[in-house]
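J.: Listed below, chain by chain, are the residues.
Protein chains: 2
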Amino acid sequence: MKLQKFALADVTLERSPGSDAEIYAGNLVDERHGGPVTIGYGRYAPDQTLTETMAVDDIMILLAGRLSVSTGAETVEAGPGEIVYMPKGEAVTIRSHEEGAVTAYVTYPHWRSARG
Amino acid sequence: MKLQKFALADVTLERSPGSDAEIYAGNLVDERHGGPVTIGYGRYAPDQTLTETMAVDDIMILLAGRLSVSTGAETVEAGPGEIVYMPKGEAVTIRSHEEGAVTAYVTYPHWRSARG
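Protein chains in written order, with the numbering used here: chain A, 1117 to 1232; chain B, 1117 to 1232.
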């Protein structure tokens, strides 16, 4: 592994697996590259919902727009420059609002390998 | 560990250890919390330089301003919304420009434990 820089334009966004929502993710670094973490960008169309039990620790950094993330116990809302930490094992529902959202994410370990 | 949301205002920034530069970092999640990753924010005053051999994998997301990161082999430059991946073992020089910079970062494993 060596120093790398990424921009949103570098990624190929694909629909988030296991969901019909208009939510897209694209890995830039993952299990194919030999390091411990997956790095990528996500894009949420307006008013989308995704429910998932976290298979890995997932850190989302909001770059644009706004997301709400709920567990049974609480709801957090994040906008540009804010960070949402979704630890492994948490069951979360992620909702985008009318402006949609763009995120950067880091997962440990690799989310695609963990989902099998 | 449970769902958490962070903003820049939540962090206490401290001068980056081992450097006299006007570069500050503040962990929000780290070895004190039992998870695998450290999460935090960084702030770079204008025209600062930091040279470091990475003890951990470090992913920086530029939130504001601009940074250049150089190895012997190459230099990358990143602005808002862009990601710089500095893998463990890389020797890097990070330079801020006239506008300074604000970053979010994720490291695996915990950078403070790895530096000893």
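In short, the hints are calculated from the structure, not lab data. Among the clues, some could well be false.
Reference listing, derived: stretches of chain A covered by chain B, where coverage requires no fewer than 3 residues with Cβ under 8 Å from a Cβ of chain B [what the hints assert, rightly or not]:
#: 1; segment: 1119 to 1126
#: 2; segment: 1129 to 1141
#: 3; segment: 1167 to 1179
#: 4; segment: 1209 to 1215
#: 5; segment: 1220 to 1228
Facing chain B, according to a computed beta carbon distance under 10 Å, are these residues of chain A, among others [claimed, not checked]:
#: 6; residue: 1161
#: 7; residue: 1196
#: 8; residue: 1199
Some chain B residues flagged as far from chain A (calculated, every beta-carbon gap over 10 Å) [stated by the list, open to error]:
#: 9; residue: 1120
#: 10; residue: 1147
#: 11; residue: 1187
#: 12; residue: 1194
#: 13; residue: 1198
#: 14; residue: 1203
#: 15; residue: 1206
Heads up, the beta-carbon is just placed ideally off N, CA and C, and yes, glycines get one too.
J.: Each of the hints needs a verdict: does it hold here or not?
T.: Structure-based check of each hint:
1. Coverage of the segment 1119 to 1126 of chain A by chain B holds [criterion: at least 3 residues with CB-CB distance below 8 Å; count 6].
2. Coverage of a stretch by a chain is defined here by at least three residues with a beta carbon nearer than 8 Å to that chain's beta carbons; for the segment 1129 to 1141 of chain A and chain B the count is 0, and the condition is violated.
3. Counting residues of the segment 1167 to 1179 of chain A whose C-beta sits closer than 8 Å to any C-beta of chain B gives 4, which meets the bar of three, so the coverage hint holds.
4. Counting residues of the segment 1209 to 1215 of chain A whose CB lies closer than 8 Å to any CB of chain B gives 0, which falls below the minimum of 3, so the coverage claim is violated.
5. Check result for the segment 1220 to 1228 of chain A against chain B: holds, 3 residues qualifying (beta carbon to beta carbon below 8 Å, three or more required).
6. About 18 Å separates the beta-carbon of residue 1161 of chain A from the nearest beta-carbon of chain B, more than 10 Å, and the hint is not met.
7. This hint holds: residue 1196 of chain A has a C-beta 8 Å from the nearest C-beta of chain B, less than the 10 Å allowed.
8. Annotation: residue 1199 of chain A was flagged as interfacial toward chain B, and the flag holds, the nearest CB pair being 4 Å apart, inside 10 Å.
9. In this structure residue 1120 of chain B is not separated from chain A by more than 10 Å, as the shortest Cβ-Cβ distance comes to only about 5 Å.
10. The beta carbon of residue 1147 of chain B is kept farther than 10 Å from every beta carbon of chain A, the shortest such distance being approximately 14 Å.
11. Residue placement check: residue 1187 of chain B does not keep its beta carbon more than 10 Å from all beta carbons of chain A (closest about 5 Å).
12. Here residue 1194 of chain B does not stay apart from chain A, with its beta-carbon only about 5 Å from theirs, under the 10 Å limit.
13. Listed as a non-interface residue, residue 1198 of chain B fails to keep its Cβ farther than 10 Å from every Cβ of chain A; the least gap is roughly 5 Å.
14. Residue placement check: residue 1203 of chain B does not keep its beta carbon more than 10 Å from all beta carbons of chain A (closest about 4 Å).
15. Against the 10 Å criterion, residue 1206 of chain B falls within the reach of chain A, whose nearest CB is about 5 Å from its own CB.
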